[in-house]
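Engineer: Okay, here's what each chain looks like letter by letter:
Protein chains: 2
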Amino acid sequence: MEQKGFTLWFTGLPGSGKTTVSQLVAHELRQRGLRLEVLDGDVVRTNLSKGLGFSKEDRDINIKRIGFVCKLLTRNGIVAIAAAVSPYEEIRQHNRREIQDYFEVFCKCPLEVLIERDPKGMYKKAIAGEIPNFTGISDPYEEPAQPELILHTDREKPEESAARVLRRLAELAYLPHRYEKKDAETSQRDEEIIRRRLEDLGYV
Amino acid sequence: MEQKGFTLWFTGLPGSGKTTVSQLVAHELRQRGLRLEVLDGDVVRTNLSKGLGFSKEDRDINIKRIGFVCKLLTRNGIVAIAAAVSPYEEIRQHNRREIQDYFEVFCKCPLEVLIERDPKGMYKKAIAGEIPNFTGISDPYEEPAQPELILHTDREKPEESAARVLRRLAELAYLPHRYEKKDAETSQRDEEIIRRRLEDLGYV
Chain A
1 MEQKGFTLWF TGLPGSGKTT VSQLVAHELR QRGLRLEVLD GDVVRTNLSK
51 GLGFSKEDRD INIKRIGFVC KLLTRNGIVA IAAAVSPYEE IRQHNRREIQ
101 DYFEVFCKCP LEVLIERDPK GMYKKAIAGE IPNFTGISDP YEEPAQPELI
151 LHTDREKPEE SAARVLRRLA ELAYLPHRYE KKDAETSQRD EEIIRRRLED
201 LGYV
Chain B
1 MEQKGFTLWF TGLPGSGKTT VSQLVAHELR QRGLRLEVLD GDVVRTNLSK
51 GLGFSKEDRD INIKRIGFVC KLLTRNGIVA IAAAVSPYEE IRQHNRREIQ
101 DYFEVFCKCP LEVLIERDPK GMYKKAIAGE IPNFTGISDP YEEPAQPELI
151 LHTDREKPEE SAARVLRRLA ELAYLPHRYE KKDAETSQRD EEIIRRRLED
201 LGYV
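Chains as they are written, first to last, in our numbering: chain A, 1 to 204; chain B, 1 to 204.
Excised from the complex, chain A in its bound form (with noise of 0.2 angstroms):
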């Protein structure tokens, strides 16, 4: 069965989650044999985003970039993960509209405890004005509208997030049934691992 292709976007407020989601799912997906590509910060930064800042206009160029990307990896089968803070709905709709698959996946978590939290720092700085253009702090984050699912990340743990993430996929067919291999019996050994490493999570 060839796969289907799809754009899992993660938006939200800076250290809400996210990238650290994000990377499970990615995992995840990856030992269902799925084909996919991530695209979030460094590889971000180094190939699509250089020259560009953090200015309305640089950030909306910037997210309509990664989903120019997204849609040329959706269309061809390929899932395409991206995670980057893309506050402003507009473009967001605008993506949603040029992706053919798009499941957006809103990390919520209150400003206070990302203050709170802060393991980079980074509040603090945007706070005492050191970081200009800060998405929560002076420079605006619209929630998203209709989001396909919507994390708390406060209160939920990576892991569950991830598992959460995993079950609405499968819900809306596009994981595959089957782990396929060549040869059955590894498959069968395969697929038990995995199996119980998604109960663990609360997936099965």
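Honestly, the hints are just simulated from the structure, not real lab data.
Any given hint could be a false lead.
Because identical chains cannot be distinguished in the list, a pair is counted as satisfied if it fits within a single copy or across any two copies.
[Said to hold, decoys possible] List of simulated lysine to aspartate or glutamate pairs, EDC-like, C-alpha gap at most 20 angstroms: (1) Lys64 with Glu37; (2) Lys157 with Glu116; (3) Lys64 with Asp40; (4) Lys4 with Glu37; (5) Lys4 with Glu148; (6) Lys64 with Asp42; (7) Lys50 with Asp60; (8) Lys64 with Glu98; (9) Lys50 with Glu98.
Given chain A, put chain B in place with the hints provided.
Structural biologist: Same frame as chain A, but now just chain B:
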């Protein structure tokens, strides 16, 4: 049989036939049932290069960026066709290293012929100093050191050049031997049509 991804990269001076030949090749490959994406002209300007100019630095970013998208497509089994002046050998070599299966086509045409033809009047403007940083006139073009194929677009017709590209791809086993379709009869008929067209082009 699953298709093998590769990148077909057309380089050459402005007006040397990159777009024309690449479109013919793309058409033929689509007829053969290959999944492919063309990264060229408006597609690139709108979706990847916005904000970049024609300084060496900006050109390098642009060519690397197109190369990055080609790399993602190629390693996922998709054919990527790029047509870009891409004047600097160093950056083309960078893409060659990055992309798993990279096939470089140099559209070679003497500058005098291009200035003579000049259908869009670009060379005329560049010579008059109205277009700065114009490759071939006020900006350098470094010829490829080891292209997979050289097309002499001053003396070959575009159809001949396209046929040469297809022949070389077939020799390198990048093209599937059979045109895959569910209905065997339809398949045979299509094959016959394609065979004749390719025959006209001197491909078989």
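Engineer: Next, verify each hint and record whether it holds.
Structural biologist: Right, here's what the structure says about each hint:
For the homomeric pair Lys64 and Glu37, the shortest alpha-carbon distances inside one copy (17 angstroms) and between copies (18 angstroms) are both at most 20 angstroms. For the identical chains of this complex, Lys157 and Glu116 are intra-copy neighbours only, at 17 angstroms inside a copy versus 67 angstroms across copies, given an alpha-carbon limit of 20 angstroms. When the C-alpha separation of Lys64 and Asp40 is checked against a cutoff of 20 angstroms, the pair qualifies both within a copy, at 14 angstroms, and between copies, at 18 angstroms. For the homomeric pair Lys4 and Glu37, the shortest alpha-carbon distances inside one copy (14 angstroms) and between copies (17 angstroms) are both at most 20 angstroms.
For the identical chains of this complex, Lys4 and Glu148 are intra-copy neighbours only, at 18 angstroms inside a copy versus 33 angstroms across copies, given an alpha-carbon limit of 20 angstroms. For the identical chains of this complex, Lys64 and Asp42 are neighbours both inside a copy (17 angstroms) and across copies (15 angstroms), given an alpha-carbon limit of 20 angstroms. Within a single copy, Lys50 and Asp60 get their C-alpha atoms as close as 14 angstroms, and across copies as close as 11 angstroms, so both meet the 20 angstroms cut-off. For a Cα distance limit of 20 angstroms, the shortest separation of Lys64 from Glu98 inside one copy, 10 angstroms, qualifies, whereas the shortest one across copies, 24 angstroms, does not.
With identical chains, the CA atoms of Lys50 and Glu98 are at most 20 angstroms apart between copies only, with a shortest distance of 18 angstroms across copies and 23 angstroms within one.
Violation of the numbered hints given earlier is absent; every hint is satisfied by the structure.
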